[in-house]
Amino acid sequence: MKHSFIDRYSDLDSPIHHLDPRTRILTTLAFVLAVMVTPPTSWLAFTLYASLMAGLVLLAKLPVRYVLKRSAVVLPFVLMVAVFVPFWGRGQVMGSYNVWLWRVSVTHDGLLVLWSVTVKSWLSALALILLSSTTRFSELLKGLEHVGVPRVMVMILAFMYRYIFVLADEVMRMQRARDSRDVAPLRPYGGGWLWQIRTVGNMIGTLFIRSYERAERVYGAMVARGFDGQVRTLNDLHFRRADLGFGIVFSAALLTIGLITRIA
Amino acid sequence: MHIPDGFLNTATAAATYVVSAGGVGYSIKEANKKLGEKHVPLMGVMGAFIFAAQMLNFPVMGGTSGHLIGGALAAILLGPWAGLLIMTCVLIVQALVFQDGGITALGANVFNMGLVACFVSYYLYRAVVSLMGENRTGTLVGGFVGAWASVFVAAIACAIELAVSGRSPLGIALPAMAGVHALIGIGEGLITAVVLSFVMATRADLLELQKV
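Taken in order, these protein sequences are the chains called E and W.
Note that my numbering has the first sequence beginning at 1, numbered continuously upward.
Note that my numbering has the second sequence beginning at 1001, numbered continuously upward.
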């Protein structure tokens, strides 16, 4: 089992890692919402938001390159959806160019939309990376439960998290088995397109049957141990003075950024 | 098709959150009623199953690869409400752990890939099966049609949400998203049909599970 993609860096030792998960969840949410309602022309605000995130990433001792690489996850959607907007938007035309046969115009409003979605999705992704790289998933679930997510949902998510590793291992074993039976090294995975679809479909079918049978065994084992639909866990969350301090400072920073953009 | 943060305006994000939260709340109630306490481990392991199934890539075209989304498969095998619950868990983990889909856009993503995808695919599948009969052909055609439509309609819902938020004009976003996903849906449909065929050949009783 080597799935370091979940919970990576969440075992580091830093002031951020020691905060209560609820503090981290609520401040992340506040940050994402603040970014969401910021008007796209508040250049100063976005600079300050980015500096705030940079400060926290450094404080949490996360590797900067890792964070930047992870934050590129928003790019495919930006490229797919928004990159053409400047050419099709209505409004004041900033410039027209002749590209071979077409006359291409770039509009001010369109560019603003592209800028807005790029910077907002990137800043929000940074905040979520900070949250998930400083909080173990089990802590995150405990925190979610105590900020109002329904208990059943948290229980299902906890089961899912427990078995993701088991089933991911299962998938990797099946992939290795498929690849080692591959007789045509020049064509990865052998035959044509339909053949590959059929192979992947059969693998998923096998995985479904094994998962379903596993779920039944798990339930049987739980019932044998007295499961009655309730999961009882210790509440070892502590809202400390550091949490209060961090919450106040962070909210004050967000409010200040909001006020500055109002005045400016 | 996971919408990141920053793409939806506040009204669209809030509206889809309310609808999705209501749907998920009802699905928990339904699962509890029909499966009893068993639904907690079952839904959890099935969420992990969809998550693991998404790790399996297959080639699409010109060197790119795709993977199963799985909403249709979950809905056809376990029922639309169960499918919604499973996809919601998958989307929450993807948003929180991988930043695949934003936290303010979670409502919209659950609406598109959970509510819309599961209900469209399940009822289309039922319709095809009742037209063509409860046999192998009916199940496979129904699975293909349902899974294809789940991707296609979810993409249309996504395009409408983006257009309502003023991010891209509907006249361009809708045909582009619908066109691309009509092709992606073929892969989803074929894989779903193969999975159903495999389950039918090995453990046909799992197709007759009580639908939630």
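By construction, these hints were calculated from the structure, which means they are not laboratory data.
A virtual CB, placed ideally from N, CA and C, is assigned to each residue, including glycine.
Some clues are possibly wrong.
[Claimed, not checked] Derived coverage of chain W by chain E (criterion: at least 3 residues anywhere in the stretch with Cβ under 8 Å from a Cβ of chain E; other residues may be distant):
#: 1; segment: 1018–1031
#: 2; segment: 1120–1130
#: 3; segment: 1138–1152
#: 4; segment: 1183–1194
#: 5; segment: 1198–1208
[To be verified] Residues from chain E shown here face chain W by an in silico Cβ test under 10 Å; the list is partial:
#: 6; residue: D7
#: 7; residue: D11
#: 8; residue: L52
#: 9; residue: V64
#: 10; residue: Y66
#: 11; residue: L68
#: 12; residue: S71
#: 13; residue: L111
#: 14; residue: V113
#: 15; residue: V147
#: 16; residue: F159
#: 17; residue: W193
#: 18; residue: A224
Tested hints:
Given a C-beta distance limit of less than 8 Å, the hint that chain E covers the segment 1018–1031 of chain W holds, as 3 residues qualify and 3 suffice. Judged by the Cβ-Cβ criterion of 8 Å, the segment 1120–1130 of chain W is not covered by chain E as claimed, because only 0 of its residues qualify and three are needed. Proximity of the segment 1138–1152 of chain W to chain E, defined as three or more residues with a beta carbon under 8 Å from a beta carbon of that chain, is not established by the 0 residues found. Remark: the segment 1183–1194 of chain W is confirmed as covered by chain E, as 6 of its residues place a Cβ nearer than 8 Å to a Cβ of that chain, reaching the required three.
Using a Cβ-Cβ cut-off of 8 Å, 5 residues of the segment 1198–1208 of chain W lie near chain E, which meets the minimum of three, so the contact claim holds. A cut of 10 Å between beta carbons decides the hint on D7 (chain E): the least distance to chain W is about 8 Å, and the hint holds. Interface hint at D11 (chain E): violated, since its Cβ lies 15 Å from the closest Cβ of chain W, which is beyond the 10 Å cut-off. Because the beta carbon of L52 (chain E) sits about 16 Å from the nearest beta carbon in chain W, more than 10 Å, this interface hint is broken.
Here the hint on V64 (chain E) is broken, as its CB sits about 16 Å from the closest CB of chain W, past 10 Å. The interface hint given for Y66 (chain E) is violated, since its Cβ lies 13 Å from the closest Cβ of chain W, which is over the 10 Å cut-off. For L68 (chain E), the interface hint is violated, the least distance from its beta-carbon to any beta-carbon of chain W being 13 Å, above 10 Å. With its C-beta approaching chain W no nearer than about 7 Å, S71 (chain E) sits inside the 10 Å limit, and its interface hint holds.
Interface restraint check: L111 (chain E) against chain W, minimum CB-CB distance 13 Å, threshold 10 Å, status violated. Among the interface hints, the one on V113 (chain E) holds; its C-beta lies about 6 Å from the nearest C-beta in chain W, closer than the 10 Å criterion. At about 13 Å, the closest approach between the beta carbon of V147 (chain E) and any beta carbon in chain W exceeds 10 Å, and the interface hint on this residue is violated. Proximity of F159 (chain E) to chain W holds as hinted, the smallest CB-CB distance being about 2 Å (cut-off 10 Å).
Annotation: W193 (chain E) was flagged as interfacial toward chain W, and the flag holds, the nearest CB pair being 7 Å apart, inside 10 Å. Interface restraint check: A224 (chain E) against chain W, minimum CB-CB distance 13 Å, threshold 10 Å, status violated.
When each numbered hint is compared with the structure, violations occur for hints 2, 3, 7, 8, 9, 10, 11, 13, 15, 18.
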